[in-house]
Amino acid sequence: MAEKLLEIKNLKQHFNVGKANEVKAVDGISFDIYKGETLGLVGESGCGKSTTGRSIIRLYDATDGEVLYEGESVHGKKNKKDLKKFNRKMQMIFQDPYASLNQRMKVMDIIAEGIDIHGLAKDASDRKRMVYDLLETVGLNKEHANRYPHEFSGGQRQRLGIARALAVDPDFIIADEPISALDVSIQAQVVNLLKELQEEKGLTYLFIAHDLSMVKYISDRIGVMYFGKLVELAPADELYENPMHPYTQSLLSAIPLPDPNYERNRTRKAYDPAVHNYADGEDVRMREVSPNHFVDCSEKEFAEIQEHLAAKK
Amino acid sequence: MEKILQVKDLELSFNTYGGEVKAIRGVNFDLYKGETLAIVGESGSGKSVTTKSIMRLLPEESAEFKSGEILFGGRDLTKLSDKEMQKIRGKDISMIFQDPMTSLNPTMPVGRQITEPILKHQNINKDEAKKLAIDLLRLVGMPKPELRMKQYPHQFSGGQRQRIVIAIALACNPQILIADEPTTALDVTIQAQILELMKDLQKKIDTSIIFITHDLGVVANVADRVAVMYGGKIVEIGTVDEIFYNPQHPYTWGLLSSMPSMDAEDAKLYAIPGTPPDLLNPPKGDAFALRSEYAMKIDMEQSPPFFKVSDTHMAATWLLHPEAPAVEPPEMVIERMKKFPGSRYYEGSAN
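Taken in order, these protein sequences are the chains called A and B.
Quick note, the first sequence lines up with residues 1 to 313 if you use this note's numbering.
Quick note, the second sequence lines up with residues 1 to 351 if you use this note's numbering.
For the record, the hints were derived by calculation from the structure and aren't laboratory data.
Where hints are given, some of them may not hold.
Claimed, not checked - Below, simulated BS3-like cross-link-like pairs (lysine-lysine); rule was C-alpha separation at most 25 Å, straight line:
{"hint": "1", "chain 1": "B", "residue 1": "K22", "chain 2": "B", "residue 2": "K79"}
{"hint": "2", "chain 1": "A", "residue 1": "K269", "chain 2": "B", "residue 2": "K199"}
{"hint": "3", "chain 1": "A", "residue 1": "K269", "chain 2": "B", "residue 2": "K204"}
{"hint": "4", "chain 1": "A", "residue 1": "K269", "chain 2": "B", "residue 2": "K79"}
{"hint": "5", "chain 1": "A", "residue 1": "K35", "chain 2": "A", "residue 2": "K89"}
{"hint": "6", "chain 1": "A", "residue 1": "K201", "chain 2": "B", "residue 2": "K268"}
{"hint": "7", "chain 1": "A", "residue 1": "K35", "chain 2": "A", "residue 2": "K84"}
{"hint": "8", "chain 1": "A", "residue 1": "K195", "chain 2": "B", "residue 2": "K268"}
{"hint": "9", "chain 1": "B", "residue 1": "K126", "chain 2": "B", "residue 2": "K52"}
{"hint": "10", "chain 1": "A", "residue 1": "K269", "chain 2": "B", "residue 2": "K144"}
Bear in mind the structure is a predicted one, so any value in this text is a computation, not a measurement.
With these hints in hand, go ahead and build the complete structure from the sequences.
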């Protein structure tokens, strides 16, 4: 088994705690991320997938639970120096390439910001060289360094966002819907780039998205979230072939595919949380139904899934 | 089949400080009664501008009809006055936009927003209009419509808001419904519900739909026919099966191959290289030539005419010229063509 890079243990992120409008955006989720893998996180808007990503990188202070990065707690007390060291290892790429780049800064300074903060460049010419290299890595060229973000197209801006994340040489990147704002023809360019970079630099990704076909394509494992909880976690192919949680099944049945014959015969499954019919205090948690395939279920459902899987074989 | 709308040689430009942006460069298509025509293409390809020009929603000070006509009910919509247009908008032709939050008025209860077009276009009193609005809400699947009438847009979820927008659009039983990315802002599960709703309603009131989207999965789900736009022109048009299983234009090939299929192995995704053309200075020949590995010398010099593939299928690419060399489409496209009787890669029955 690969080495664990990140362990998320019973992470909770509640907003407006103690008030009437308390929101349990993330309500006790646990999973591990292994070195060099891509973990996809899917779910409908408001299910807490982005909040999970933001809590992991400490953009929010978690309400409860732990995030361990190489065994070290992310949310624990840290002095500025430790925090800085840690920030270098984890970076984020955001959804909206228009809002995530400062319109008043030149590309050179946007990308070099991390380099400056962490003092990675020896002198001005070294800094320049690093930015040029980064631009080349993401498929732009050095003439772009002196331009402003508005001079770029959406796909190019997302490349700038990737270059900025790569500038501090991180090990782990959280990509929060990095392609949702892009055209289909450009999405493939960005996804290919992310994959290439992963191979070259041995990066680990947490890939948050709602486009399920793209998630399957890029991810090794996929977690499905529903209302602040992880309901299913499995290797990508396994999840698509044997979805066990009724929510996952409903989600998969809703994806439109570019295949008219398939679309004419599709049957959509709706998910109603009432189907579980859990008794009060019933022990519902993630259980391993087959190797590496976890489903949020009760003892009874677990037995049913086991039966179903046995019948399939 | 009865033609309900005809767009003929439409050319439209925007006059900007930078010069003349040729957003639509000769678009031709017909819309038949009761069908759904999907228009696909990337941002800037002119798909939204085309439909907004049908609705005459473009800013008059910068948008200029250069030539062509839009025939609806025997009249040319490009020549109508604002007043005449207002009688058509919302009654005979109505529109659904992408973002249901910005297309509803946040300071007005939704009931009044639904009765607004009814009172404007139909000769009935307020009480009757209210009843009609409640019926409409019920029709689009809103629970407790009487109570919901008095609520404001922020009290609804995204999917419910889009249902309200659809109710408003359908209030006067329009002959044409233009839906501009109506599900792009919604989740897949909600998207599936809205698409089903639209298909149901279409059957009930027999309206024609122009559906704009860049999601090919959605197109496969809703469309009867598909028009692919690129650089201000339609480059390929045909039935949904013809476009998905027997595409002819290299841009359509690129679009179809850049989507990962659910059973795709870990092969690299096909990415269309480069960026869309600059319509301030549109390329002389085929606008897609610079991004196409199939481009020939003539593509740089002359823009291709439409070549007929079947009675319902046309594509504008020099590859279809009798003297053009035969080329192999990308592998993923050949896989699709194997399922289509009549294509040169057909391998017997698909099922």
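How the hints compare with the structure:
no. : hint            : verdict
1   : B:K22 x B:K79   : 20 Å, holds
2   : A:K269 x B:K199 : 17 Å, holds
3   : A:K269 x B:K204 : 24 Å, holds
4   : A:K269 x B:K79  : 48 Å, violated
5   : A:K35 x A:K89   : 13 Å, holds
6   : A:K201 x B:K268 : 18 Å, holds
7   : A:K35 x A:K84   : 21 Å, holds
8   : A:K195 x B:K268 : 9 Å, holds
9   : B:K126 x B:K52  : 31 Å, violated
10  : A:K269 x B:K144 : 24 Å, holds
Checked against the numbered hints given earlier, the structure breaks hints 4, 9 and satisfies all the rest.
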